[in-house]
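> Letter by letter, the chains look like this.
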Amino acid sequence: EPEVTQTPSHQVTQMGQEVILRCVPISNHLYFYWYRQILGQKVEFLVSFYNNEISEKSEIFDDQFSVERPDGSNFTLKIRSTKLEDSAMYFCASKRGGPYGYTFGSGTRLTVV
Amino acid sequence: AQSVTQLDSQVPVFEEAPVELRCNYSSSVSVYLFWYVQYPNQGLQLLLKYLSGSTLVKGINGFEAEFNKSQTSFHLRKPSVHISDTAEYFCAVSDSGNTPLVFGKGTRLSVIA
Numbered sequence: 001e002p003e004v005t006q007t008p009s010h011q012v013t014q015m016g017q018e019v020i021l022r023c024v025p026i027s028n029h030l031y032f033y034w035y036r037q038i039l040g041q042k043v044e045f046l047v048s049f050y051n052n053e054i055s056e057k058s059e060i061f062d063d064q065f066s067v068e069r070p071d072g073s074n075f076t077l078k079i080r081s082t083k084l085e086d087s088a089m090y091f092c093a094s095k096r097g098g099p100y101g102y103t104f105g106s107g108t109r110l111t112v113v
Numbered sequence: 001a002q003s004v005t006q007l008d009s010q011v012p013v014f015e016e017a018p019v020e021l022r023c024n025y026s027s028s029v030s031v032y033l034f035w036y037v038q039y040p041n042q043g044l045q046l047l048l049k050y051l052s053g054s055t056l057v058k059g060i061n062g063f064e065a066e067f068n069k070s071q072t073s074f075h076l077r078k079p080s081v082h083i084s085d086t087a088e089y090f091c092a093v094s095d096s097g098n099t100p101l102v103f104g105k106g107t108r109l110s111v112i113a
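Protein chains in written order, with our numbering: chain A, 1 to 113; chain B, 1 to 113.
None of these hints come from the bench; they were simulated from the model.
All values derive from a computational prediction rather than experimental measurement.
Check before you lean on any hint, since a few could be wrong.
Taking lysine-lysine pairs in the DSBU-like style, the calculated list, with each CA pair at most 30 Å apart, reads [stated by the list, open to error]:
hint : chain 1 : residue 1 : chain 2 : residue 2
1    : B       : LYS105    : B       : LYS58
2    : A       : LYS78     : A       : LYS42
3    : B       : LYS69     : A       : LYS57
4    : A       : LYS42     : B       : LYS49
5    : B       : LYS69     : A       : LYS42
Calculated Cβ distances over 12 Å to all of chain A for the following chain B residues [what the hints assert, rightly or not]:
hint : residue
6    : SER28
7    : GLN38
8    : ARG77
9    : SER94
10   : GLY104
The C-beta atom is built at its ideal place from N, Cα and C for all residues, glycine as well.
With the sequences and hints as input, model every part of the structure.
The structure is reproduced here in structure tokens:
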């Protein structure tokens, strides 16, 4: 069964550094999403991406965040200057258009020290 | 905007006993409903989904859920749980085919031998 692949599985970075989280969505999917889950809390929506542009974003997705689909296969989330509170599990998801389910990757655990 | 309420943050249950995890959502004309399971230190795995049609939905691992429009509920059930069902369970909803999922806070199911 097709999977959404996320790399790395775990990343440790120093506060203030830039990080890029990578995702390879399922190849025939059209809609792409990033979510985060702070330890012990619920899964929160960050941003959705369709037709090479952001279609929706939450209040969490401020100027420190950006997304890109540079080559038609990868979907990346960049955090420009990480803060301690950015420590979380970040999930990528993709879906086909219409009434189909969302497929999630296994996540990247980001630890900011 | 949609919201999801999972009334029980923790549910302990003995092995082979039945379990129901409750989920209510805010009303909307049409909704798509999902249950995801998260095992410790892992990603989100789709258990089942309701998109349309029969209100009783069967998923993986013996779980099922019933969509009740009048009560705006989508409770998850299993007639006999196993130790391996110990995990966090998230209910999620979207308004239409492609809008971002909104998650509940999760219910921690602990199966006791």
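> Looking at the structure, which of the earlier hints fail to hold?
Hints 7, 9 and 10 are the ones this structure does not satisfy, whereas the remaining hints hold.
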